[in-house]
Every structure is written in structure tokens, then in C-alpha cells.
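Chains as they are written, first to last, in our numbering: chain A, 1 to 319; chain B, 320 to 607; chain C, 608 to 1019.
What the hints contain is simulated information worked out from the structure, not anything from laboratory work. Be aware that one or more of the hints could be misleading.
As a list, the in silico DMTMM-like pairs of lysine to aspartate or glutamate whose alpha-carbon atoms are at most 25 Å apart [unchecked claim]: (1) C:K901 - A:D58; (2) C:K728 - C:E706; (3) C:K901 - A:D129; (4) C:K909 - A:D129; (5) C:K710 - A:D54; (6) C:K685 - A:D170; (7) C:K710 - A:D33; (8) C:K685 - A:D129; (9) C:K685 - A:D58; (10) C:K907 - C:D978; (11) C:K907 - C:D870; (12) C:K1005 - C:D838; (13) B:K603 - A:D170; (14) C:K901 - A:D54; (15) C:K1018 - A:D170.
Just so you have them, the derived chain A footprint on chain C, three or more residues with Cβ under 8 Å [to be verified]: (16) 666 to 674; (17) 786 to 799.
Even for Gly, the Cβ is constructed at its ideal location relative to N, Cα and C.
Now for the letters of each chain:
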Amino acid sequence: MTRYLLRRVPSALLVVAVASVLVFAVIRVVPGDPVATLAGPDASPEARAAIRHDLGLDRPVTTQYVAWVGRLLHGDLGTSYLIGGDIGTLVRHGLTNTIVLTAAALLIAVLLGLVLSLVTVIADKRWLDGLLAAGNTLAVALPTFVTGLLLVLVFAILLPVLPAGGVPPDGFVARPDIAVQYLLLPALCLSLPTAAALTRFLTDALQTQLREPYVLTATALGISRRRIVLTQALRNALPSTVTMLGIQVGVLLGGAVLVEAIFAWPGLGRLIEQGISSRDYPVVQVLLLLSVAVFVVTQLLSDVVHAWLDPRVRLGGES
Amino acid sequence: MTETLVVRERGATAPSTGRHRLLPALLHGRGLLGLVLVATVVLLGVLAPLLAPYPPNQQIAGANLLGPGGAHLLGTDEVNRDLLSRTLYGIRVDLVVVFVAVPLGAVLGGLVGLVASAWSWADVLTQRAFDLVLAFPALILAIALTACLGAGLTTVAVVIMVAEVPVFGRMVRSSALVVREMPYVESSRVVGASTWWVLRRHVLPNSLEPVIVQLALSMSVAVFLEGAMSFLGIGVRPPSPSLGSLIKDGVRNIYESPTFALGPLVLVAALVLGFLLVAQALSKARAQ
Amino acid sequence: MRFHSGRPFTSKDVAFSIETWADPAWAVQFQRTAAAVTSVDTSRPDQVTLGFDHPVSNIFDLLDAMPIIDEDSIADLKAGKSYVGTGPFEFESWTPNTEIEFKRNPDYWGGKPHLAGVDTKIVTDPQSLVSQLRSGQLDAITGGSNRDLEALRASRQFDVEELKGAEQQVYVGANLQNPQLQDVRLRQAIAYAVDRPRVTNDVYRGAGYPINVPWPKYSPAYDERLNHRYDRDVAKARALVKEATQGSKGATIPLEYDASNSDTEATAQIVQANLKEAGIQVGLEPLDHSQFIKKLIGAKFKGLWVAIHSYAQWTPSTLAVSAYPFNAEHNASHFTDKGYLEHSNAAWQVTDGTGPEAVSSYRDISDDFLDNLFLIELSVIYTQVAHSPRLHGLSWSKRQEIDLDDAYLSKG
């Protein structure tokens, strides 16, 4: 295992290193200028030159890159040009909102997935299977902006019972009852594709379990189908389901960008949008690098879990 | 690389062309439903000049933000244009994206994947490059590319192509690596077949089936991506309509009348759902 | 009178503020006016005497717009850590990208403010801005969409105020380096072809009025007759296009705009349709905000552009010396004209910004605009503030800053 990790980690680090150069270069290649945005159209050339100097943008690009990486390695994320404030604070703030949203979506997905698949498997009715399959396909197929807008349309405009967007004014902790109202629509919208994938996966896994010999024994002993499913089959199907959920977390984080835009949710997705449109170089660099790092780590983790489960991969890695 | 061992490829024992097995899947059940959904939307788009009551960009005097009904079934927009006509014409943008950009991305990705499977140095290079592209969420890639290239239909198409290349690249590479190890391929190499010949004769035909399924899936993703890009304001250039930009404009006035966004929302849903059903039917047919 | 830090405010602080404002590295607005101040006499702590080398007609605009800056805390101000001033509310805290909090300054020289404090929330989505006002989370908002503000006003449950005195203008700019736009007849055709009332009414929902010259109606430079010189006349526009192009079909002229602003996007689409009617083919090119500003200050537009300017609400001479699109020495249109340069300097260097001498020089400037049409005005537009009926006494500066000196909240 250690030798496997030793082989995979350097290559993952290499991807992050190359990505750091890329994100640094890409945002500078994109036409536009943070100084122009900051100074506004009526500023004098002298004012712009002074701002450029203050931001250190008049130094050679390589010097800027080295300085940036140096600060990053010391844990200093830098200061935003246009949004204002240090990026650590901005990221923490956005990350909190994104994580709350993603966690709520994950919770809804797990609840929906568990209930739906258990009901379907225990009831064992053909029409229920069909209904579930249809609902599943819809939930996977409909883009988040379609479901999101439909939810807003129904629950915020036609029957105005829930807020159409934004975060709870008093935070998540002080008034949980209000926080739930704000979270419900965006989290539900974000959770649907994951809930569908989970339901499908768990239903399949449970049905596979029910074909195992121990179930036949249990049935012969007169134990009810419900009990077998809830005690035995579910326990056996859970490990693979958890692995699958791990992959879904990445999907949820990716989907958050759009859901945040639909529901005016000030998370990381909105922050990166703001950063790119105003050419706030330090913000964009940090966030893009962060997204690459998250991706690389999830890849690595899923490879490791996979290698752990499947000895052939480990052997292949060492040959 | 280690990933090769986990791939289990069906139908790889003999060269077969997938189309004969896959086509019937589209003639019944969900395959048929998907096909009908897609065909209906495509037809509406193709026949837009016949069906639309007005030219899509005509600004009609006095018709400012009218609700649905009367001369304008879906109402009119902020600059006095008939929304039904714009919606019908808007389908055409998505058709370009779906039937041009996705196949182009697939061909490009497929070629890269084939090359990668044949030479190990190319493999390492492309795998890391794919990692990088995949590491950026598609929408962030879209935002960055649009800032570079400027907004427009071409940019939307390029974004979708770039996003699809690694998807198809990995897929073709995986099946190619499996096929190469098959006994009949090895034997043909023993009798002196060139790498290119092996790729063309054995690898390509065997990659075709999964690629066709993925094509349908990617087409549904492409409709989604066009919509999402326009929704974020980085889609086609005004005044040309696209389903995504119509949704975005409609949402601005959603409190005025929910119907402004409804037409394009339904069409996007139908298109995406249709492609997904087709993909599901095809992949089920493959598995049997 | 004291700073928030408790330090007494003296004439030296005025001198320091003017000096800082004149520094090209710092100031944006009225920097040239501040730089025209050649001496500041601060021998008495409660009196300031300014010296100039030549008369400056908009000196009072500078004094109106310039904040008093505290020398002791200027480094913190630049770093965004504090804001020490002399105003009715003191800076309390700042959460980046979320909110800024102010508390009452009990020692305010204008009398103790009624409000205990002000929380400024940053809400980037116009729709959620409006819904937060509707649900009572916010008392006042700026930045709602025109359509939503119109609905708020119609509901009679909220007050919507047009910030009169802080006008902006939406216009079509023309880069005179574009070969087609070099011909003034084509620019005249554009001026005749655009449907200004439609822009005012359909896009800005009536919050403004159509114009040919930049001045708001109360400006000493305003002239009703000049404002109708290019009233819409499509036939005339067509004839001018025919004359300019000799019947040959010219290349499509690019029209660039800031895509992050849905109002200029709608305006650009109306202009495109208007010009098509007159026989001018225009292609729309949306840019993101940063690119747009960069092209504007770099004077790099390919042909036409739609944008918004300000500055016409001040002493009229300010427009030609401070607003970049009108700057006689260097502007986004690449328009250079000896007469215009002379007229704009003459207007700036009169003593009385509203006297007859000044008014006649404004007249010359207006004629320069209308004869040369390096930019074509469409409409005056008002920024609007919507607020709950329990908020009273709201006012604002010419720079669109909300002023809550005398504001108070009533019960219920």
C-alpha cells in the first residue's frame, strides 16, 4: 500500500504544480485588466500606474509567480484586488456557505435514496419499480437550472411560501427554523441528481443481496422480507454505497456553481464568478488551484480505496 | 498505468459493428420515447421558418413585454420580440451545439485516445492533460474560455468540444488497451501488422459501441452546458436567440409572468431527457 | 468639530485633503480641479484661503465631492482597515464581500444623527435585493432592476426615489478611427435613427428623459431647442446613409457593450434594430465588464459602443475636463478638434460657472457635440433608491452617495 501511495502521490503533486502555473498564466492571458476595473474609466494614467505598482503588477511575471507560490507555501492566500479583504476570509466565508449547501443536499439525497430504495425493495411491486425508474430518469435528466427555476416558480412565486434565494439573514445557527427555509429549495435542487443516482445504486445493491443464499435460508426460517432487508441486506450493501457517495460529493460541489447562481447563494461558485469577471487575479488563482487540488485529492482517494479493495490493482502497480 | 486492469470490456472477443445490435433498442420502450422527444424538438427547430409567426429578431412596435395570448402565444420580450418565434429559432443553436460540437469533440477525443493507446509516452502525456481539463469544472472552463475568445456561438461550441475531448479520449483509450491484449490482435501483430493497421482494423470498431452510447449522453450534457452558459451570461451573442439565453431573459421578468421562461424550459427539458433515454436504451442493449 | 478619532479638525486637514486629492496616484474625480489649487493658506485654524493661477469655474464642485481625509490614518484607509472622517456615522466593521457596519457619531458637527447606526449589506443579485426589501430584511436598496422598481412603485407599499441631481446618461459612442464612422453624415444618420423615447421608456421604464445634449434640464447649459436637433427621422437618416455610402453596402459596424449590464444590452439591441431600419448594418459584441472598461480607457473600440457616463450634473465645464468620454485632450472616440479644446478650456477658466459668459461658452461646447457627434446621447437616466415607508429623510449627493444625516425610522 505504502509503495502504491509513494508512486501515486508525486504524480498528483505534479498535476497541482502544473495547474498552479496554468491558473496563474490563464487569468493573465484573458484580456482585461484588474487595474482598469479598479481605477474606473475616468482615472488618470498616473493613477493607474500607481495602482499597478501598489499591486505589484509592474514586476516581471516570473517574479510575481514565485512570490505568489512563496506566500501560498507560508499559508498566506493573499489579498483580493477588487472584492476587498484577505482571501482567507473570503474563502472561509464562501466555503462555509458552499459546504452548508452541499451538506444539506447530501443529507436530502441520502434520506431520499434510503427511503425510496428501501420502500421499493421491501414492497417488491412492479408498478413501484417502474414509477421509481421514471422518476429517476427525470431527476438525472433535468438540468439544475430547469428544476431550480421550476422550484422557484412554484414555491416562491405561485405559492409564496419559501424565499427565492439568498442566505438566512441571521446566519445558520441563531435561527435554525429560518435557515431551513432558505436552504430547502437550493439544497433540494442540488440533491436531485445525486438522490436519483443513490436510489438506483442502493436498489440494485439490495436486490443483488436478496439473491444471496443466506436470504433463502432466512426466508425458510420464516423471517419477513422487511426484516431481512433492514437487518442483513442493508448492512451488506452499505460499504459500496458509501464509496459511491464519496464520488458524488465531487459531483455536488461541481453542481453548486450553478445552483449558487440560481439561488443567489454567496458561496465559492459565486466568488469565482465575481473574481473572473473583475479579473481579481489573486482570488481566481487561489480558487482555481483549490478546485484542482480537490479534484486531484478525490481522484487519489478513490484510486486508493479501489486499490485497497482490489488487490489486482496493487499487484499491477508493483509489477 | 494501473487503470487498465479494472476495465472489463464486453463484446471484445471478436470485431463486431455495434450498430446492428443497438438500433432496435430505439424502436420500443424508453428508446422510442427518447427518440420521439428528440425528433420533435429537432423538427420544431428545423421547421422554425415555417412555424414561427414572426422573424426571430423583429422588434414589433408597441409590443413591450406582453403576456401570453392573442397574437403572441408566449408573449413578447423586453425589446418587443415575439417569444414563440424566438424560442423556435433558439432550438437551432442547440442543434448546432449537439450535432456539430459534440461529434467533433468525440472524433478529436477518439483520435487522441487511439494515439495514446499506441505509444506509452503519448499515453502519459495525454492522461495528465486530460486530468487537467477534467480538474476544472466545465462551467469554470467555460467562463475562462469565454473571457479569452469572446462570447458567441463559436465559443460555446469550442467549450463543449474541449469538455468532451477527455471524456471520449479516456473511453477509446481504455477499450483500445483491452482490445490490444486480445489473442487475435496479438496474432495479427505477430504476422507483421503495423500499429496503425491494428488500430484501424481492430481497435476502432470495438470502441464504436461505447462511443455511440456516450455520444447520446454527451449530447444531453451539451444542451445543459449551452443553457448553463447562457444563464451565466456567456452564451450566444444577442440578438440571436438560444434556449439558454431565452431562459435567462425570461427569468429576469419571472415575477411579471412565469410564462416568459416556460417555453424554452420545456424544450430544454425535453431535449435533455430525450437524449438521456436514448443513451439508457442503447447502453441496456449493449449489456444484453 | 472633531474627527472620529477625537482629534480636532483644522484648516491644515483641508489643505492635506486637497493635496491628497490632487495627487494623480489617488484621485479619480476632479483631480484636475484640485491640481489647479496652487496655494492653501492655513494660518488660522478655522479659515482656509485657496489660491489659483487662473479662474476655475468648478472649484465648488471639488469642495462638494472631496471627502475630508485624516492624515494620521491614511495608511489604514488605503489598506481598508479603518475610515476616520468627520461624518455622521463612524466606521465599525467590514466583512469582505458581505457587509460594512457604521455606528452613530454622537459628536457630529451637524447634530446627533437619529439612526443608531447603518448596516450596509452587499447583495450582488438584483432579484434577491428586491425580495429582501419586500420581506423587510432591508430598509433601502440601490441597484434593483428597472422593471422590479417599477413594480415596487406601482404596489404603493414602497417608496421609489429617482436620484435627481445625480443624473447619468446612456449614449452611443463612435470611434472616429473606424473608416465608416469618419464620415460625419453617417454619425448624423445614427443620431436621427435612434429611438430615444423607446430607450427611456422600454429599457429604463420612464426613469429619465430623452436627450441630444448631455445636460440635465436644470443645468445652465441646457437648451430645449438644441435638445431636439436630432429628433427621430428615419427618412432623413436613410438619405444621409445613402449620401455617405454612395449606395454601396458598407461593412458591418461592430457595436460593443458591457454584457454584465442588462440595460445597456437591451439598449444596444434597440440601437441595432433602429440602425438597420436606416440602412446601417451593426453587429453586437458583448464584452465582460473588465474588458469593456479597458477598451474604453484605451480608446480601443472597433466602431460603436453603448455605455453610461456621468458628470453633466456638475458645473458644465466639468464634463469636458473630467469625464473621459468628453475629454477634449484625449477621449475614447479619438476626436480631436482645436475649437472644442479651446471652448472647453474657456468654459473651465471663467470665474462664475453660471454667469452669461459661462453660458455662452457652454453653448459653444453643445454646438461642438452636435456638429461632430463623436458620441450620440440617448437618454438621461436616474439611479433609483427603493425604501420602506418607515424610512424618512433620505437624501443623496451629486455622486449618488446616500446621505442619512437626517434620516429616521418611524414605527410600524
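Exercise. Would you mind confirming whether the straight-line C-alpha gap from C:K685 to A:D58 stays at or under 25 Å?
Key: holds (19 Å)
Exercise. Go check the region 786 to 799 of chain C versus chain A for me, would you? Three or more residues, Cβ under 8 Å, otherwise it fails.
Key: The restraint on the region 786 to 799 of chain C is violated, since only 0 of its residues have a Cβ under 8 Å from chain A and three are required.
Quiz item: Given the proposed pairing of C:K728 with C:E706, does the C-alpha separation stay at or below 25 Å?
Solution: Within the cut-off at roughly 4 Å; holds.
Self-check item: Given pair status - A:D54, C:K901, alpha carbons within 25 Å
Solution: holds (19 Å)
Quiz item: Within 25 Å, alpha carbon to alpha carbon, are C:K907 and C:D870?
Solution: holds (22 Å)
Quiz prompt | Given pair status - C:D838, C:K1005, alpha carbons within 25 Å | solution = violated (29 Å)
Quiz item: Within 25 Å, alpha carbon to alpha carbon, are C:K685 and A:D129?
Solution: violated (64 Å)
Quiz item: Within the assertion that chain A covers the region 666 to 674 of chain C, do at least three residues meet a Cβ-to-Cβ distance smaller than 8 Å?
Solution: violated (count 0)
Practice problem: Measure nothing beyond the straight line between the CA atoms of C:K710 and A:D54; if it is 25 Å or shorter, mark the hint as holding. | Solution: violated (31 Å)
Quiz prompt | Pair hint outcome, C:K710 versus A:D33 [Cα-Cα no greater than 25 Å] | solution = violated (36 Å)
Quiz item: C:K901 and A:D58: Cα distance at most 25 Å?
Solution: Measuring from Cα to Cα gives roughly 17 Å; hence the hint holds.
Quiz prompt | Restraint status (C-alpha distance of B:K603 to A:D170 at most 25 Å) | solution = violated (50 Å)
Of the hints listed earlier, those the structure fails to meet are numbers 3, 4, 5, 6, 7, 8, 12, 13, 16, 17, in rising order.
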